[in-house]
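Peer 1: Construct the complete structure from the given sequences, taking the supplied hints into account.
Keeping their order, the protein sequence lines are chains F and U. So in my numbering, the last spot in the first sequence is 112, and the numbers never skip. So in my numbering, the last spot in the second sequence is 111, and the numbers never skip.
If you're looking for bench data, these hints aren't it; they were derived computationally from the structure. Any given hint could be a false lead.
Simulated crosslink set (DSBU-like; lysine-lysine; CA at most 35 Å straight-line) [unchecked claim]:
#1 F:Lys42 <-> U:Lys78
#2 F:Lys57 <-> F:Lys79
#3 U:Lys57 <-> F:Lys69
#4 U:Lys57 <-> F:Lys79
#5 F:Lys63 <-> F:Lys104
#6 U:Lys78 <-> F:Lys104
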Amino acid sequence: EDQVTQSPEALRLQEGESSSLNCSYTVSGLRGLFWYRQDPGKGPEFLFTLYSAGEEKEKERLKATLTKKESFLHITAPKPEDSATYLCAVQDSGAGSYQLTFGKGTKLSVIP
Amino acid sequence: EPEVTQTPSHQVTQMGQEVILRCVPISNHLYFYWYRQILGQKVEFLVSFYNNEISEKSEIFDDQFSVERPDGSNFTLKIRSTKLEDSAMYFCASSVGNEQFFGPGTRLTVL
Numbered sequence: 001e002d003q004v005t006q007s008p009e010a011l012r013l014q015e016g017e018s019s020s021l022n023c024s025y026t027v028s029g030l031r032g033l034f035w036y037r038q039d040p041g042k043g044p045e046f047l048f049t050l051y052s053a054g055e056e057k058e059k060e061r062l063k064a065t066l067t068k069k070e071s072f073l074h075i076t077a078p079k080p081e082d083s084a085t086y087l088c089a090v091q092d093s094g095a096g097s098y099q100l101t102f103g104k105g106t107k108l109s110v111i112p
Numbered sequence: 001e002p003e004v005t006q007t008p009s010h011q012v013t014q015m016g017q018e019v020i021l022r023c024v025p026i027s028n029h030l031y032f033y034w035y036r037q038i039l040g041q042k043v044e045f046l047v048s049f050y051n052n053e054i055s056e057k058s059e060i061f062d063d064q065f066s067v068e069r070p071d072g073s074n075f076t077l078k079i080r081s082t083k084l085e086d087s088a089m090y091f092c093a094s095s096v097g098n099e100q101f102f103g104p105g106t107r108l109t110v111l
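Peer 2: Okay, structure coming up:
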């Protein structure tokens with residue numbers, strides 16, 4: 001059974017204070033690892049897809065990296081508008097489908 | 001920018017009633033999905049749909065649930081006889097490849 005564990009559950013940062021969110025995963029074979037942002041009462045918003053260990057993707061203040069067992073979402077000099085819950089999800093190539101298995105998310109609060 | 005839309009945004013129903021949640025996927029997408037998120041819990045996969053048939057479903061997606069693509073644009077989720085535990089946010093998603101794009105969700109409240 002695919003498993004995704006995210007840590008920490010919640011993170012409070014001062015504006016400009018860089019940090020990283022962790023996503024550990026267990027799959028029989030990784031088709032892809034996905035990062036989403038979710039604002040309260042809204043649907044997940046796609047950020048990145050990572051396919052193989054060593055891959056990195058960047059978007060504004062966010063950078064996602066991938067190893068064979070975990071992924072990190074690095075946030076550089078965050079701003080209050082980066083406050084949201086960040087979700088990690090995996091697609092298992094062994095499942096033969098495109099379903100996503102999500103973690104519980106990390107709720108990020110950036111304080112001005 | 002194209003986006004997935006869902007209606008209604010909030011649905012309140014009595015236990016045992018049927019509800020239909022509607023979604024309009026992004027127009028050139030081929031794969032369609034329903035997920036749900038119970039308050040405070042993780043997003044959970046329900047069902048995937050491709051080429052006018054279910055391609056995969058989870059244990060949650062029992063005989064009370066059904067999906068349909070009645071025309072070229074809409075994708076619906078029907079719950080035949082709602083239970084209290086069906087109260088959740090229901091998200092539709094669509095994709096043309098691996099990346100899935102989610103709609104804003106329908107909040108279903110079962111009383």
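Peer 1: Can you name, in rising order, the numbers of the hints this structure does not satisfy?
Peer 2: Result: hint 4 breaks, nothing else.
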